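Number of protein chains: 2
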Amino acid sequence: MKLLEDRILRDGQVRPGNVLKVDCFLNHQLDVDLLDKIGEEFYRIFKDDGVNKILTIEASGIAIACMTARHFDVPVVFAKKAKSKNIDGDVYTSTVHSYTYGKDYNITLAQKFLGPNDRVLILDDFLANGKAMRGLLDVCQQAGASVAGIGICIEKGFQPGGGELRREGYKLASLAIVDEMGDNGSLKFRETEY
Amino acid sequence: MKLLEDRILRDGQVRPGNVLKVDCFLNHQLDVDLLDKIGEEFYRIFKDDGVNKILTIEASGIAIACMTARHFDVPVVFAKKAKSKNIDGDVYTSTVHSYTYGKDYNITLAQKFLGPNDRVLILDDFLANGKAMRGLLDVCQQAGASVAGIGICIEKGFQPGGGELRREGYKLASLAIVDEMGDNGSLKFRETEY
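Respectively, the protein sequence lines represent chains A and B.
What the first sequence shows, in this note's numbering, is residues 1 to 194, in sequence order.
What the second sequence shows, in this note's numbering, is residues 1 to 194, in sequence order.
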């Protein structure tokens, strides 16, 4: 998605440790117009895949999921990271190793919100090692839900998550794939598939 | 907002400890069409108040903020709760006591995203004791930002947060105000101001 690639080039910042900061438009301050266009793009790619629900993880995925759900006219559910007093009843849980936080954490989703009748589009802002995505896929498996596809805004193509998911046969659409991040701040994008 | 009140009556669940669960449409599973109408309503109420940015707190406020920001055509910024490796540089911080989690937590916002030129509409899903809102107001004060108004989806009118904010002169618009929650699950709404 050229609009997203151009925005990354304009406003993204490369940091040590292969970190790409896009906090001024994607995951701390949000450019809602850009997110809406991202949502349109995910709709274009996945509209014939029978999606009846969008699944994401708090917090960075929520905005993307909502703007996409508008186009699909389906609900959004998001996995929660923190223990909440207000999730009662049965939950699906999975464990995720976070690169950002340097530790494992649990994700939870109330069972009533995901089941065998669901065909989900899983969305998130980043894909790198793929640990968060594995947690969401685990939750889908526990629920008996099928996965129509996976939509990612920015994939770090030099990390293994994307390749593994593609080899396993998932329809994975990343709107921008960064194949190289130079110490001087340079970025090289891979041509995307969809 | 009658649409929201009706939805609360239909799908909301009263739990012990004055908890009102609206997780099937507002803050775990999201009804994006309802959220869009909520956004329209906040726009109707605040459109002449000079808003140039919407401020909220992760995670439950993000969807509401994004759907509202579409109508205003302004950015959203959200305060973060967890310590992140990826917030570098200067941040505003404040301490919030959480009823939900039973403890204090810090909120942070990168300083580059809020300053004296900003006139914010602060949005959140719930207002009860008002602790989270106080944290956001504190961040605004540190930033030198002015507060155009506060928009809340559901206010627990029997808790002090709303009254205090109104007495202090904030333009506080709550789309539904619950004045009573009965053990039998009954709810009584207060007539709203806007």
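I should point out that these hints are in silico values taken from the structure, not numbers from a laboratory.
Computed from a predicted model, the values in this text were never measured in an experiment.
Any given hint might turn out to be false.
As the list makes no split between identical chains, a pair holds if one copy fits it or if it spans any two.
To be verified - Straight-line alpha carbon distances no greater than 30 Å define the calculated DSS-like cross-link-like pairs of lysine-lysine that follow: (1) 103 - 131; (2) 103 - 37; (3) 188 - 131; (4) 21 - 112; (5) 103 - 47.
Structure-inconsistent hints, enumerated in ascending order: Of the numbered hints given earlier, those the structure breaks are 2, 5, listed in rising order.
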